[in-house]
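Start from the sequences and build out the full structure, keeping to the hints where you can.
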Amino acid sequence: MSQKNVPAYQRTCEQSGRELEANWVAGWDPQPLQTGDWVLRVSGDMVLKPANGWLQAVAADEVASLSASAVSLGQFQDQPLFVVNQTDGALAGLEPLLLRDVILHTDDAPVALVSIAVQLAHWWRDHRFCGRCGTATVIHARERACWCQRCEIPWYPRVAPCVIVVIRRGERMLLARSSRTRRPMYSLIAGFVEPGESLEQAVAREVKEETGLQVSNIRYRLSQPWPFPHQLMAGFFSDYESGELVLQQDELADAGWFVPNHTPPIPPLTTISGQLIHDMSEEILADIAGRANR
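Our numbering numbers the first residue of the sequence shown as 3 and each following residue consecutively.
Derived by calculation from the structure, the hints in this document are not laboratory data.
Ideal Cβ placement from N, Cα and C applies to all residues, glycine included.
Mixed in with the good hints there might be a few duds.
What the hints assert, rightly or not - For each label pair, taking beta carbons as the anchor points, the in silico distance ranges come out as:
(1) T89 to L249: 37 to 43 Å
(2) D47 to A294: 34 to 40 Å
(3) L249 to E154: 31 to 37 Å
(4) A24 to G136: 40 to 46 Å
(5) T89 to R221: 25 to 31 Å
Here it is in structure tokens:
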């Protein structure tokens, strides 16, 4: 049976991740889940991937069980798209993939879509009741928010600002390996912004706390949403000013100064850390080439 002749509630989206995101219109709709609507299925921090593609059309007998967890993601192919949070017992025919593996290690994944979907699924699960009075919340009629009818206050999706920085020292840059992972991957210094801090102050503090170094010439480069669980990463360049490496051992297992094209394993370009390392490498190599041509 061709995909055209398959009933709406049995359809799967067989588009690649890039095609899927090109046809996705992000947004918010308070209308409830209905038979035939597109769904991206998750279970906690797992993305539940069909055999073909990433989306499925919801079946009529699923609507009742999935409606309580359904959160609008906008439109796909002019049809409502939701994220739904399923229990571990509802995995038949679906491959559970860790969100981190989808983002870092899955070719042609719809990274932006799954990132937003998992964040919103967490938000809705964690705000089913008002944090002030405990009353059950409902979907806000006009905006993406949980609404407490008793307190008349909205609970919006949480976004936690974080900074991440690549430090340059001459022709080298600082790369570090987290003490929280067994993978031999090196990345950058990062951390949450504290109340009352500017982003630049957070950069200087995090670098000092985790490495013992002082940095200067802190300059913004780019940003990226990061769904672990709900960060907004602001990426910076900075220059080494002074100090010797003294690692905060509960944060970093190792760190060192590396030249471009001679680094340990680093994150892919789909991540802000990978992009910052790439951009700094290009800057250093351009400076080296410029000096050689004088």
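Verification of the supplied hints:
{"no.": "1", "hint": "T89 to L249: 37 to 43 Å", "result": "holds (41 Å)"}
{"no.": "2", "hint": "D47 to A294: 34 to 40 Å", "result": "violated (48 Å)"}
{"no.": "3", "hint": "L249 to E154: 31 to 37 Å", "result": "violated (49 Å)"}
{"no.": "4", "hint": "A24 to G136: 40 to 46 Å", "result": "holds (43 Å)"}
{"no.": "5", "hint": "T89 to R221: 25 to 31 Å", "result": "violated (46 Å)"}
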